[in-house]
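Trainee: Listed here are the chains, written in short residue letters.
Protein chains: 2
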Amino acid sequence: MNRLNTAIFISDGVEVLDFAGPFEVFSRTRLVPGVESRRSDASAPFNVFTVARLADTVRATGGLRVLPHFDFAGAPPIDLLVIPGGFGTRQLLEDLDVREWIQNAANKARLTTSVCTGALLLAKAGLLSGETCHDSLGAHALLASLDSTIFVERHLRVVHDGIVTSAGVAAGIDMALSVVESIHGKAVSDETAKYIEFPRHS
Amino acid sequence: MNRLNTAIFISDGVEVLDFAGPFEVFSRTRLVPGVESRRSDASAPFNVFTVARLADTVRATGGLRVLPHFDFAGAPPIDLLVIPGGFGTRQLLEDLDVREWIQNAANKARLTTSVCTGALLLAKAGLLSGETCHDSLGAHALLASLDSTIFVERHLRVVHDGIVTSAGVAAGIDMALSVVESIHGKAVSDETAKYIEFPRHS
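Quick note, the sequences are listed as chains A and B, same order. Going left to right, the first sequence walks through residues 1 to 202 as our numbering numbers them. Going left to right, the second sequence walks through residues 1001 to 1202 as our numbering numbers them.
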């Protein structure tokens, strides 16, 4: 099977569920329904990994320590890019290495997504110009200041407009399920939601 | 503030959301409502950390790499114990070191909890005798074979009966919110649910 290389960007101060929710959804999705199919990767459509600027341990919110699979230089080609948010996001806005990596990765990816304030990094990279996107955590004004052509939608948990943006934390699970649905259909996505015992929002 | 030391046991094959959901909930709970209080630990009632048998990197489902805060020997006294599940659980059932650590930690803890098949480890340690508990992922028969005095409740996401057990994966979030509510009340728990944008099940 030709799996989609799915990169989840992590950095100090990333919100735990912002990255762990999409990691769970994409890594546990199988094209074959049921529990048993999830014991192997035989019908797994996504190859999921974490990417950080450096190969060092990342400290997420609350101090969870995650060892990234790849640093920026070592990451394989990326088909699906996930940019989570968290209190660590704002300090990355002026980070040129991060901005350039996101720009390059997003330009080559088949699909770019964000959770919560991860949208700020996409906006700073110029990727949301003229798009409708979701935002949360009171970053509304900051998002507008980064790019005044962005239309911010606050009433949906997930917004698809080329790039996929979403509300925060647990809504990253909805975002990922929504992306699974857009690529592999509702039945596959619903099976993943059932497996992870997550009540989907319609 | 006198924080509750909250230990989340992790081991190879632990389901990502089984441990990351409770980690998010307990580590992001604050007694002061709102978003800003979550920028510091000033009103954080839980001190959350991961514990593994050894200090080496743990590979969760899908290959997420987590560096535990403590090994068994180095963990501080535990007030609140969380035992997640996952496909890695069954191979731990015959592991005497794990069983003894869980028995000791649970006997000293103020509260012991599990997510999904984490209940199997509690049952094997003799901690669920005569209790009502939740189970999922088709481990029903295995649970009964470990201890025939356990009454398995399959219709609730979270069961409080001395020990707190829950359904799987995303239901670990419900479990943790339920524990927060039992200790600090509904208002604090609801604020955490709001912050993590998780729709609670009543």
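Simulated from the structure, these hints should not be mistaken for lab results. A portion of the hints provided could be inaccurate.
Derived CB-CB ranges, DEER-like [stated by the list, open to error]:
1) A:H140 <-> B:S1145: 46 to 56 Å
2) A:G74 <-> B:D1056: 35 to 45 Å
3) A:H140 <-> B:G1074: 35 to 45 Å
4) B:L1093 <-> A:D95: 42 to 52 Å
5) A:D71 <-> B:I1183: 20 to 30 Å
6) A:N2 <-> B:R1039: 16 to 26 Å
7) B:S1043 <-> A:A55: 14 to 24 Å
8) A:D95 <-> B:F1151: 50 to 60 Å
9) A:P77 <-> B:S1043: 58 to 68 Å
Every residue, glycine too, gets a C-beta built ideally from N, C-alpha and C.
Trainee: Determine for every hint whether it applies to the structure shown.
Mentor: Against the structure, the hints:
The hint said 46 to 56 Å for the Cβ distance between H140 of chain A and S1145 of chain B, and at roughly 54 Å that hint holds. Between G74 of chain A and D1056 of chain B the C-beta distance comes to about 21 Å, which lies outside the given range of 35 to 45 Å. The hint said 35 to 45 Å for the Cβ distance between H140 of chain A and G1074 of chain B, and at roughly 44 Å that hint holds. Checked against the hint of 42 to 52 Å, the C-beta distance between L1093 of chain B and D95 of chain A comes to roughly 46 Å, which is consistent with it.
The hint said 20 to 30 Å for the Cβ distance between D71 of chain A and I1183 of chain B, and at roughly 40 Å that hint is violated. Distance hint check: the CB atoms of N2 of chain A and R1039 of chain B are about 43 Å apart, inconsistent with the given range 16 to 26 Å. The supplied range of 14 to 24 Å is broken by S1043 of chain B and A55 of chain A, whose beta-carbon atoms lie about 35 Å from each other. Take D95 of chain A and F1151 of chain B: their Cβ atoms lie about 54 Å apart, and the range 50 to 60 Å holds.
For the pair P77 of chain A and S1043 of chain B, the beta carbons lie near 45 Å from each other, so the given range of 58 to 68 Å is not met.
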